[in-house]
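Novice: Listed below, chain by chain, are the residues.
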Amino acid sequence: MSNPTPRVRMPTTAKKGEVIEVKTLISHEMETGLRKDSSGKVVPRRIIKQFVAKFNGKEIMTADWHPAISANPYQAFFVRVPESGTFEFTWHDDNGSVYKSEHKVTAS
Amino acid sequence: MASKFGSQTRRDFIVTTGTAVATATVAPSVSLAKPDDVTAEIKKLYGDKPLAQGKIKLDLPTIAENGLVVPLNFEVESPMSDKDYVKSVHFWADGNPNPNIASFRFTPMSPKAAAQIRIRLAQTQNIVAVAEMSDGKLYTAKKEVKVTIGGCGG
Numbered sequence: 001m002s003n004p005t006p007r008v009r010m011p012t013t014a015k016k017g018e019v020i021e022v023k024t025l026i027s028h029e030m031e032t033g034l035r036k037d038s039s040g041k042v043v044p045r046r047i048i049k050q051f052v053a054k055f056n057g058k059e060i061m062t063a064d065w066h067p068a069i070s071a072n073p074y075q076a077f078f079v080r081v082p083e084s085g086t087f088e089f090t091w092h093d094d095n096g097s098v099y100k101s102e103h104k105v106t107a108s
Numbered sequence: 109m110a111s112k113f114g115s116q117t118r119r120d121f122i123v124t125t126g127t128a129v130a131t132a133t134v135a136p137s138v139s140l141a142k143p144d145d146v147t148a149e150i151k152k153l154y155g156d157k158p159l160a161q162g163k164i165k166l167d168l169p170t171i172a173e174n175g176l177v178v179p180l181n182f183e184v185e186s187p188m189s190d191k192d193y194v195k196s197v198h199f200w201a202d203g204n205p206n207p208n209i210a211s212f213r214f215t216p217m218s219p220k221a222a223a224q225i226r227i228r229l230a231q232t233q234n235i236v237a238v239a240e241m242s243d244g245k246l247y248t249a250k251k252e253v254k255v256t257i258g259g260c261g262g
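As they're listed, the protein sequences go chains A and B. First residue of the first sequence? That's 1 in this note's numbering, and the numbers climb one at a time after it. First residue of the second sequence? That's 109 in this note's numbering, and the numbers climb one at a time after it.
Bound conformation, chain A alone (with noise of 0.2 Å):
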C-alpha cells in the first residue's frame, strides 16, 4: 500500500467565532481483515482506527472508525474558529502510524 496522504479542505481565514465546514479525506485501504487474497490466505486487518481533531492543543472531536468505514476516508465535520490558531488533525493507523495535518486559519 502506498503511504496514506491526508488531504483537508478549509478556508484559511474565518471571522471570529465563525462555524466553518472541515472536509477530510485520507487515501488508505481500510483493510477489513475479512477479506482473502488469491491464495486463499485471510489478508490481515489494517484500518485507521481513529481521528482526532485539535485546535491550539485542545479538542474538539474524536471518531473511532470501525472496519465498516470505506476505504479512502472521508470525513467532513464543523469547527469554530474562536481566534486565530492552528487546527491539527491526526489520523492513527492499526500499525500505529500517526498521518498528521496541520491548518492556520486566521480570524479577523
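If you're looking for bench data, these hints aren't it; they were derived computationally from the structure. It is possible that part of the hints are untrue.
Below 30 Å or equal to it, Euclidean Cα-Cα: the simulated DSS-like pairs (lysine-lysine) are [stated by the list, open to error]: (1) B/K163 - A/K54; (2) B/K254 - A/K58; (3) B/K251 - A/K58; (4) A/K23 - B/K191; (5) A/K23 - B/K254; (6) B/K142 - A/K58; (7) A/K15 - B/K195; (8) B/K254 - A/K54.
Note that the coordinates shown come from a computational prediction; the quantities given were computed from them, not determined experimentally.
Could you slot chain B onto chain A? The hints should help.
Specialist: Only chain B this time, still in chain A's reference frame:
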C-alpha cells in the same frame, strides 16, 4: 450411458458437487451480525437506560446501489454549550460482519454535533444511532438502507 457413473447419475453428481462448492464458498465468509447484536452492544455501553426518539437527524440513502460507499450524514440537535452538549454518537449496523460502524466524541469546542462519513454495508440492513447528551440522556434513531451490491468482500 448411465452406467458410466455407476449408480450415481450425472445429474446427481452435478447437484451434489454443485451444492458442496456453493457451501464451501459461502460458509467461510464471516457470519453477519443480527439486530440482537446491536441491542447487546447498546446494553453493554448504557445498560438499561431508556432511549428516547428524536434529536438525531440521520441522513442515509433509502437505496444504496453500491454497499462499499454509502454516505452517512448526521446532526444531533443541541446548543453545544459548556453545560449542554452532545458527548458521543455511536453508530451500529445490524447486518454487517461486525455491528460497529463508528463512534464520535464531541466536546463543547465542537460547534455542531454533526459529521459526514462514508460506510460499507454488506447487505440491506438497519443503521442504528445512539447519542449521549452531557446530562446523560440518550436518544436513538434508526434507518433502513436497501443495498443492491454488498460491500464487505461478499
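Novice: Evaluate each hint against the coordinates.
Specialist: Against the structure, the hints come out as follows:
no.: 1; hint: B/K163 - A/K54; result: 26 Å, holds
no.: 2; hint: B/K254 - A/K58; result: 39 Å, violated
no.: 3; hint: B/K251 - A/K58; result: 34 Å, violated
no.: 4; hint: A/K23 - B/K191; result: 28 Å, holds
no.: 5; hint: A/K23 - B/K254; result: 27 Å, holds
no.: 6; hint: B/K142 - A/K58; result: 38 Å, violated
no.: 7; hint: A/K15 - B/K195; result: 26 Å, holds
no.: 8; hint: B/K254 - A/K54; result: 36 Å, violated
Against the hints set out earlier in the document, violations occur for numbers 2, 3, 6, 8.
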